[in-house]
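Enquirer: Residues per chain, in single letters:
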Amino acid sequence: MINELGHFALILGFMVAILQATVPLVGARLNHHGMMSFGRTAATAQFVLIAASFLALVHAFVTSDFSLRLVTLNSHSLKPMIYKISGTWGNHEGSMLLWVLILALFGACAAWFGGNLTHRFRATALAVQGAIGVAFIGFIIFTSNPFIRLALPPFDGQDLNPLLQDPGLAFHPPFLYLGYVGLSMAFSFAVAALIEGRVDAAWARWVRPWTLAAWVFLTIGIALGSWWAYYELGWGGFWFWDPVENASFMPWLLAAALLHSAIVVEKRESLKSWTILLAILAFGFSLLGTFIVRSGVLTSVHAFANDPERGVVILGILIFFVGGALTLFSLRAASMQSQGIFGMVSRETALVLNNVLLAVSAFVVFVGTIWPLVAEIFFDRTLSVGPPFFNMAFTPLMILLGLALPLGAMLPWKRGRLEKGIRQLTLPLIFALSCGGLVWAMQTGRSLQAPIGLFLGAWLVSGAIADLLQRLGREKDFGRLMRLPRADWGKAIAHSGFGITMLAIAALIAWEKEDIRVVDIGETWTLGPYDLTLRDVRLEMGPNYRARIAEVELGQNGQMIAMMYPEKRFYPVAKMPTTEAGIDYRFLRDVYVVLGDTQDGGSWTMRSYLKPFANWIWAGAALMAFGGLLSLSDRRLRTAPSGHKPRAPQAAKATPAE
Amino acid sequence: MKYLMFLVFLVCASASAAVEPHEILQDQRLEQRARDISKGLRCPVCQNETIDESSAEIAADLRVLVRERLSVGDSDQEVVDFVVARYGEFVLLKPSVSGSNLLLWGMAPLMLIIGLGFGVVFVRRCGGQTPNVQDPSLSDAERSELEKLLKP
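First to last, the protein sequences are chains W and B. At position 658 of the first sequence (counting the first as 1) the number is 658 in this note's numbering, and the numbers step up by one without a gap. At position 101 of the second sequence (counting the first as 1) the number is 1101 in this note's numbering, and the numbers step up by one without a gap.
Since the hints were derived computationally from the structure, they do not count as laboratory data. None of the hints are false.
Keeping only pairs whose Cα atoms sit at most 20 Å apart, straight-line, the calculated SDA-like set for lysine to any residue is:
| no. | chain 1 | residue 1 | chain 2 | residue 2 |
| --- | --- | --- | --- | --- |
| 1 | W | K491 | W | F626 |
| 2 | W | K513 | W | Q449 |
| 3 | W | K513 | W | W525 |
| 4 | B | K1094 | W | P396 |
| 5 | B | K1039 | W | M392 |
| 6 | B | K1094 | W | F379 |
| 7 | W | K513 | B | L1030 |
| 8 | B | K1094 | W | N391 |
| 9 | W | K513 | W | M442 |
| 10 | B | K1094 | W | V374 |
| 11 | W | K491 | W | P412 |
| 12 | B | K1094 | W | S384 |
| 13 | W | K414 | B | V1123 |
| 14 | B | K1039 | W | L610 |
| 15 | W | K414 | B | R1124 |
| 16 | B | K1094 | B | Q1077 |
| 17 | W | K491 | W | A622 |
| 18 | B | K1039 | W | S384 |
| 19 | W | K491 | W | L469 |
| 20 | W | K267 | B | R1125 |
| 21 | B | K1039 | W | Q449 |
| 22 | W | K267 | W | W489 |
| 23 | W | K575 | W | D166 |
| 24 | B | K1039 | W | P388 |
| 25 | B | K1039 | W | A510 |
| 26 | B | K1094 | W | M392 |
| 27 | W | K513 | W | M564 |
| 28 | W | K513 | B | D1027 |
| 29 | W | K513 | B | E1031 |
| 30 | B | K1094 | W | V367 |
Construct the entire structure; sequences and hints are all you get.
Expert: Structural data, given as structure tokens:
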């Protein structure tokens, strides 16, 4: 019964979305107040209906209702409760429903909190958001309905892919979707702005928090996914340049570009048409990501729904929205006049450089990702594009970005002087160069990776500190530091996080140590400065798996530091083994141990790794997300200027209506 | 087909790392070369894993093959060519810099140059003149408005 109610709510939600996509739009044309207001009611109703539908599906998973096909295919009665819940979105249909739920949530947020937008503008934006809803709810109902019943329900389910039964991965998809779909807000606002022919500081003030929130969620989602890969896949890799990873990384790069260019629109009324284009592309790449993950066009480790037919539908949706928006853009972009005038050396120029580098790097990732497809279709070559390509093509762009960032972040708006910026950054530069030099002198290897990475990390962090300090003024009043706007702190923290992540990746790749060997129980082996001893291997039963758990003692200079328990699990229902690494997390390094297969005579294959600075990768990502949140909480972002009041004549002139 | 995909998944994504102790060569320098080569070769039946990471049987065979060739005295390039001759270009994770792939490799520098070009044009157009070099004179309408405002 509850399932049918959920199904019914979904269909009703579809109907409401159709109305939301049309009525307010017509109302905005006719200037009909009631029809425009309807958008808000519809957005709220759509959210409530989709939420009801989603909760019904969660209920089915929690109660293990195997009369639903989806539950049978993806759940099992013995599964721990948290994975029953997360199993709701651990599959194609359920994850699409979560996607649509978040879409409706964002639409509803614009309806609830959009009081300071003009009436017409909000109605148009809600209509666009509704149209996206129509496409995706329709997609769910007609091609991937989660509420399909089985005529003969089995006694038990076929279990969720064991790799997905993990806390990191339980929360990875919701965050990613919050990010992907959050960009739909920027898209709807961009399209509405094109329809209304109006882009100004007030518009940017609205788009920026949404983009920032989406970017923060994407950062968290990507970091969780990469952390999961690190501890779960069994050799401590954290980024594989896999199509599915790239699918989330491209929107992240573009969202980063967008939130910077929106600052220029807000503060200086410049870069308008480019910002609109970025907003369209950022969401376009999220849709492309959805297409890549769900069509199986590009094979990948994590693709979970390989169905070409569904892929075609998503491709159609993608072409309709991005193509439509770009057409509108080509018709209207000319009317978006840039206003601000600025010197060659200025914050504006620095942000243009930031945007060029981020957009080009997103494009490079895009080309590398789809190249196998292009080569097969046009050149009849079956080939692969893997990490070596991306490392070579992508890394230099990030190095350029890192080099330019501290200087650009310190330049004043309108017009700055390069010498002044360089003078303020002398100390950070010397500090960073000596860090890099020290590493260069200390290490024996041939690689430049670590020195460059360390230099960039030190340069970014100390540059951010120097930026904060120069805000103190001449009298060095440290109390002022606390009174700085939160956005300034957010900026410094997020930029430092970026540096820390770069440093950590370089250090980890350059200094990682690996050891693979067969050991008997009681045997000791060395890994760098550490001694590891295999104490015991025992069998244990988990709730829905069998596990072999090794006890490994980690010691240094005869002193025990920690016990590690690497596991090898076997999930009988899914007939799949998984590896749980034993990791000793420390500030400067991780020791990472993996239990391999048993050999003749009772000995075991053990893989052990020394991973310096591993935690710093995710610490950097967490800092980036935290900086974004801090900036989001800035009062200036929440108190957007009212769109109802007539703005300064100069700004009104900047945006000729149609 | 779906069954096949499932099988592939079963074989590859079983999430246990790959290189087995008995495969490792005594000669450390040779072994290091083998590892480096393996990291650039894709497992033919897996979804985007190198033979160095994959636990599929064919990946193990390929790892042994790479080590055999190295032991015989092949250069790194010869080993890679040997594998590519048998399994096709598909196994190369670093696409060869030849033919249509030149487009792929050239894309990053090309896009950077184009992007920077656009950036420079934009900055010049928008900011070529620095704020204070702007024409300071007011139009008649502005002047009369200013006078109105300045009147006590």
